[in-house]
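Residue numbers (my numbering), protein chains in the order written: chain A, 1 to 237; chain B, 1001 to 1203.
The set of hints was computed from the structure by calculation and includes no laboratory data.
It is possible that part of the hints are untrue.
[Stated by the list, open to error] What follows is a list of derived Cβ distance ranges for each label pair:
1) B:1040 with A:179: 30 to 36 Å
2) B:1089 with A:194: 46 to 52 Å
3) A:224 with B:1175: 19 to 25 Å
4) B:1006 with A:25: 20 to 26 Å
5) A:25 with B:1140: 24 to 30 Å
6) B:1107 with A:216: 43 to 49 Å
7) B:1070 with A:97: 53 to 59 Å
8) B:1107 with A:41: 36 to 42 Å
Predicted model, so just to flag it, every value in this text is computed and none were measured.
Note that the Cβ used here is the ideal one computed from N, Cα and C, for glycine as well.
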Amino acid sequence: MSAIDDVTPVVTAWSEGRIIEKARPTPHTTMLRMHVEDRVRHRPGQHYLIRLRAPDDYTAQRSYSVASDDDDPLVEFLVETLPDGEVSEFLADVAEVGDVLEMRGPIGRWFTWNTTTPALCLVGGTGVVPAVSMVRTARRLGRGDLLRVVAVGRDPESLPYAEELARAGALMAYTRHDDGSRPAGAPTVDELVPLLEGVDLAYVCGSARFAAYAETALIDSGLSPQSIRVERFGPTG
Amino acid sequence: MPVTRGFVRRRRSGHESRLPPGQYDTGSGWPVLTAEATPQIRPEDWSITVDGLVERTTTWTWDEIHQLPLTAYNGDIHCVTTWSKFDVTFRGVSVDDLLDAAGPLPEARFVMAHSSTGYTTNLPLSDVLHGKAWVVWEYGGKPLPREHGGPVRLLVPHLYFWKSAKWVSRLELMAEDRPGFWEQNGYHDRGDPWLEQRYQGDP
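Isolated chain A, as found in the complex (with noise of 0.2 Å):
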């Protein structure tokens, strides 16, 4: 594990966001566009927490992953249904376009990328969030060339962002699903090792059972165990 780049602590408040736009873009995800009040500048791989308030003043909150880039006047969220989960069904089927939640972010300096080091990810299912951040952020930048991305799903219809990655060159790695390009399978090392050439981090995003196959492929492809960085996904929010 490496050192973080520079040690001030970050002080984050609670605020609001005002959900501007909301969409479902695969069968268990919403999308929400949200605008936030006070809001402070945001790196690639950051997340904000949502918090909902009952009556009872009962709260939940979770952790959500940015999609957005930091230039895009609002930030963006993909949330998965998760079966009971309290948090996303109550975004998925009650929250509308003009409701106000409690806000927190954006938190988190481990997971993030700092827009000049040479850089994979290789990323899971709603995992592929971050990545997003990152690819967008490049774009903005110019610097596509510094990013590399292999997002890993069942078949192209519940990969969250799919044509996106794809249309920023993305390895896209089905599952369940032989696009012609690739028989239907997780990322192999041989897929691996290229793309690694020239990497100085990869950012792991995914379940935790993702997150597993993922570690030993990079290990396996030739990558240090130092040099991964790993966020997973899942019922903890």
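Got chain A; can you put chain B on it based on the hints?
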């Protein structure tokens, strides 16, 4: 803050009085949260050292630590990502026994827990004294799984679980506080779940 339109509490876990603010009961699940690749450490290669402001820098191997009195923790754990898990059992040794052997110097007021991966987390020394912290290798009667910090992790259950360093290898006693890994990343220096000390700037 105003009420969220349309949101009501629907979970009733039966453990409400044991649930700190903003937490939910994860039930039988035990989510994994780690920022780095999960290391493979063989018990025979593992050791723990207590050093820094101590009279005697002391190291225990896997076999040596098993000679210390075995103690258990039965109770709850709370993760800053908002899950809590009730009635878990860990077994290992009390941090008190390690500190007694090393002899903390009077000026020692903080401890930095180090993992073999390079992960660090800082705690007030008082939070690991007097039966509040353990070094554990058993969970639910079985060896602690690798992804949960096996073979050996720190356990400080009255604080958020990122303070319970996985793959712990060193306890460094310090006079002044210094931020560890998540603390540098904006997380709280103490992390009391009942005070909701999640991030820098919380009370």
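Review point. Per the hint of 53 to 59 Å, is the separation of the Cβ atoms of residue 1070 of chain B and residue 97 of chain A within bounds?
Key: Because 58 Å falls inside the window, the suggested range holds.
Exercise for review: Check the following: the C-beta atoms of residue 1107 of chain B and residue 41 of chain A are separated by a distance inside 36 to 42 Å.
Suggested key: With Cβ atoms ~41 Å apart, the hint holds.
**Study point:** Satisfaction of the hinted span 19 to 25 Å by the C-beta atoms belonging to residue 224 of chain A and residue 1175 of chain B
**Key:** violated, 34 Å
Practice item. Could you say whether the range 46 to 52 Å given as a hint is met by the Cβ separation of residue 1089 of chain B and residue 194 of chain A? Key: 48 Å Cβ-Cβ, so the 46 to 52 Å window holds.
Check your understanding: Falls inside 20 to 26 Å, the C-beta gap from residue 1006 of chain B to residue 25 of chain A?
Key -> For residue 25 of chain A against residue 1006 of chain B, whose Cβ atoms are near 22 Å apart, the range 20 to 26 Å holds.
Check your understanding: CB of residue 25 of chain A to CB of residue 1140 of chain B, is that within 24 to 30 Å?
Key -> violated, 40 Å
Point to revise | C-beta pair residue 1107 of chain B, residue 216 of chain A: status relative to the range 43 to 49 Å that was hinted | key: Given about 44 Å between the Cβ atoms, the range holds.
Check your understanding: For the pair residue 1040 of chain B and residue 179 of chain A, does the Cβ-Cβ distance stay inside 30 to 36 Å?
Key -> holds, 35 Å
Of the numbered hints given earlier, the model fails hints 3 and 5; all others are met.
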